[in-house]
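Please construct the entire structure, taking both the sequences and the accompanying hints into account.
Protein chains: 2
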Amino acid sequence: MTPKEKHDFTKERLLNEAEALFAQKGYDAVSVRQITAAAHCNLAAVNYHFGSKQNLYLEVFRARWVPRARRLQEYFGKFFAAQDSHSPTTVAKSLAEAFLIGPLSDEERQRHHQLMARELGQPTEAFELVAEQVMRPFIKGLAETLRSFMPEGQGEERLMLNILSMFATVLYFSFAHMAVTRITGREYDAAFKARLVEHITEFSVKGLGGIEKGALL
Amino acid sequence: MTPKEKHDFTKERLLNEAEALFAQKGYDAVSVRQITAAAHCNLAAVNYHFGSKQNLYLEVFRARWVPRARRLQEYFGKFFAAQDSHSPTTVAKSLAEAFLIGPLSDEERQRHHQLMARELGQPTEAFELVAEQVMRPFIKGLAETLRSFMPEGQGEERLMLNILSMFATVLYFSFAHMAVTRITGREYDAAFKARLVEHITEFSVKGLGGIEKGALL
DNA sequence: GTTTGTATCAAACGATCGTTTTAAAGTCAA
DNA sequence: TTGACTTTAAAACGATCGTTTGATACAAAC
Numbered sequence: 001m002t003p004k005e006k007h008d009f010t011k012e013r014l015l016n017e018a019e020a021l022f023a024q025k026g027y028d029a030v031s032v033r034q035i036t037a038a039a040h041c042n043l044a045a046v047n048y049h050f051g052s053k054q055n056l057y058l059e060v061f062r063a064r065w066v067p068r069a070r071r072l073q074e075y076f077g078k079f080f081a082a083q084d085s086h087s088p089t090t091v092a093k094s095l096a097e098a099f100l101i102g103p104l105s106d107e108e109r110q111r112h113h114q115l116m117a118r119e120l121g122q123p124t125e126a127f128e129l130v131a132e133q134v135m136r137p138f139i140k141g142l143a144e145t146l147r148s149f150m151p152e153g154q155g156e157e158r159l160m161l162n163i164l165s166m167f168a169t170v171l172y173f174s175f176a177h178m179a180v181t182r183i184t185g186r187e188y189d190a191a192f193k194a195r196l197v198e199h200i201t202e203f204s205v206k207g208l209g210g211i212e213k214g215a216l217l
Numbered sequence: 001m002t003p004k005e006k007h008d009f010t011k012e013r014l015l016n017e018a019e020a021l022f023a024q025k026g027y028d029a030v031s032v033r034q035i036t037a038a039a040h041c042n043l044a045a046v047n048y049h050f051g052s053k054q055n056l057y058l059e060v061f062r063a064r065w066v067p068r069a070r071r072l073q074e075y076f077g078k079f080f081a082a083q084d085s086h087s088p089t090t091v092a093k094s095l096a097e098a099f100l101i102g103p104l105s106d107e108e109r110q111r112h113h114q115l116m117a118r119e120l121g122q123p124t125e126a127f128e129l130v131a132e133q134v135m136r137p138f139i140k141g142l143a144e145t146l147r148s149f150m151p152e153g154q155g156e157e158r159l160m161l162n163i164l165s166m167f168a169t170v171l172y173f174s175f176a177h178m179a180v181t182r183i184t185g186r187e188y189d190a191a192f193k194a195r196l197v198e199h200i201t202e203f204s205v206k207g208l209g210g211i212e213k214g215a216l217l
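These protein sequence lines map, in sequence, to chains S and Y.
Numbering of the first sequence is given in this note's numbering, commencing with residue 1 and proceeding in unit increments.
Numbering of the second sequence is given in this note's numbering, commencing with residue 1 and proceeding in unit increments.
For the record, the hints were derived by calculation from the structure and aren't laboratory data.
Warning: the hint list may mix true and false statements.
Stated by the list, open to error - Straight-line alpha carbon distances no greater than 25 Å define the calculated SDA-like cross-link-like pairs of lysine to any residue that follow: (1) Y/Lys25 / S/Asn55; (2) S/Lys140 / Y/Met178; (3) Y/Lys25 / S/Asp28; (4) S/Lys25 / Y/Lys78; (5) S/Lys193 / Y/Ala131; (6) Y/Lys25 / S/Leu129; (7) S/Lys25 / Y/Arg33; (8) S/Lys193 / Y/Gly155; (9) Y/Lys193 / S/Asp28; (10) Y/Lys25 / S/Arg33; (11) S/Lys25 / S/Ser52; (12) Y/Lys25 / Y/Pro123; (13) Y/Lys193 / S/Arg147; (14) Y/Lys78 / Y/Glu97; (15) S/Lys53 / S/Arg68; (16) S/Lys53 / Y/Gly155; (17) Y/Lys25 / S/Ala131; (18) Y/Lys140 / S/Ile183; (19) S/Lys25 / S/Ala45; (20) S/Lys25 / Y/Glu132; (21) S/Lys78 / S/Ala191; (22) S/Lys140 / Y/Leu171; (23) Y/Lys25 / S/Ser105; (24) Y/Lys25 / S/Met178; (25) Y/Lys193 / S/Leu171.
To be verified - A short list of chain Y residues far from chain S (calculated; beta carbon distances all over 12 Å): (26) Asn42; (27) Asn55; (28) Gln73; (29) Glu74; (30) Ser85; (31) Glu128; (32) Ala131.
Beta carbons are placed, not taken as given, at the ideal position from N, Cα and C, and that holds for glycine.
Spelled out as structure tokens, the structure:
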């Protein structure tokens, strides 16, 4: 194994372990020593490869979180396009499907949403990255899609609130995974996740459906 | 000022400042020195009055969070009782009203929801306290109220999911305050908060309304 | 006036933090 | 084989962490 390959592997192991630990415990609760121990490398590796702990955190978003978010958005796009009809309901269903089942493993999904939730509650420099490169374009696209189902020039703000509420619900059932399990007594097996998709779709339809052409109010 | 009074004041200042800092930055990101500096008392005061930093955190929930949650629930109960008719819609409206406007100052509300969000994402011993003493009884009461509007013996799980989704939405718009402002460009003034209550009520009605007797599906 | 108990204080404890240094091990080109 | 360069390693840096100690101030009890 060449040094360059070893280098790359070490760097990637650090990114993986760092992301898992940051998602699980938060930035301050994780030490560089924990990360390097989990990645089976030397303590100094973080500062050698990333310059600082803070920059490793940012790189986790640049190299892991943002690409994964793009994969999620792609999955959503394809799932939505595959629906035989398009309406606010199918938008909601596709979103729930992508974010709660989708292409990610359970562990990956929870990492993803926990990191997002931490940045939502206490934005750092990483939030700028995520907001500009991922959230804004995706929300903009969603809004354009949904706008075609509503009367013209009406309720741009309402549209935004509904989109945010959908994300809120989806995010909640991922990042509060453990708490939901403890409150409801239900495990997150395939059946329950499918049930959640159904629920979130239905729950979201009113907000979106209220802006559907000719929908009953 | 007697020692006992001085003691009490110090202890309460510690609880106040600790809660604010824990909510704002999280447990690990706050040092005992920061807390005692903010409370204008000696470093040793935390261990003298509370035994440890960890126990101070727990005491924040016992002495501050839980009582405030009870005030919120009382406010909800009175607001709901004051409605001239009762339906899933008025339940949703009362919840949004209590949690987004209600009896709390903006700062208090954000503290409250940020602490809750942190425990939801990463439950500690404090979550047991909150779940048993606050969440379970409140959710149980809500479920009983809502059950009277739905067909018998149907959708107990659906009821739970809808209640959780309502809390998810309400929580989101409080704890992600800063992020929502940066994404939407809207400040959380009185007008926007009233708009949020209206939105959340409407957004939640489908899930709850779907179980309303004779509701249109 | 002495004792008792409570609260606060400065100071220091050992442990751990993020980071830096210095040396060693390795590959690759010349 | 030499020299340049990249990566890993052990050790130590100063700073800060949560906690403990011992002294001091002071009101209340006797």
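Open item on the list: Output the indices of the hints that this structure fails to meet, ascending.
Closed with: 4, 9, 16, 23, 31, 32
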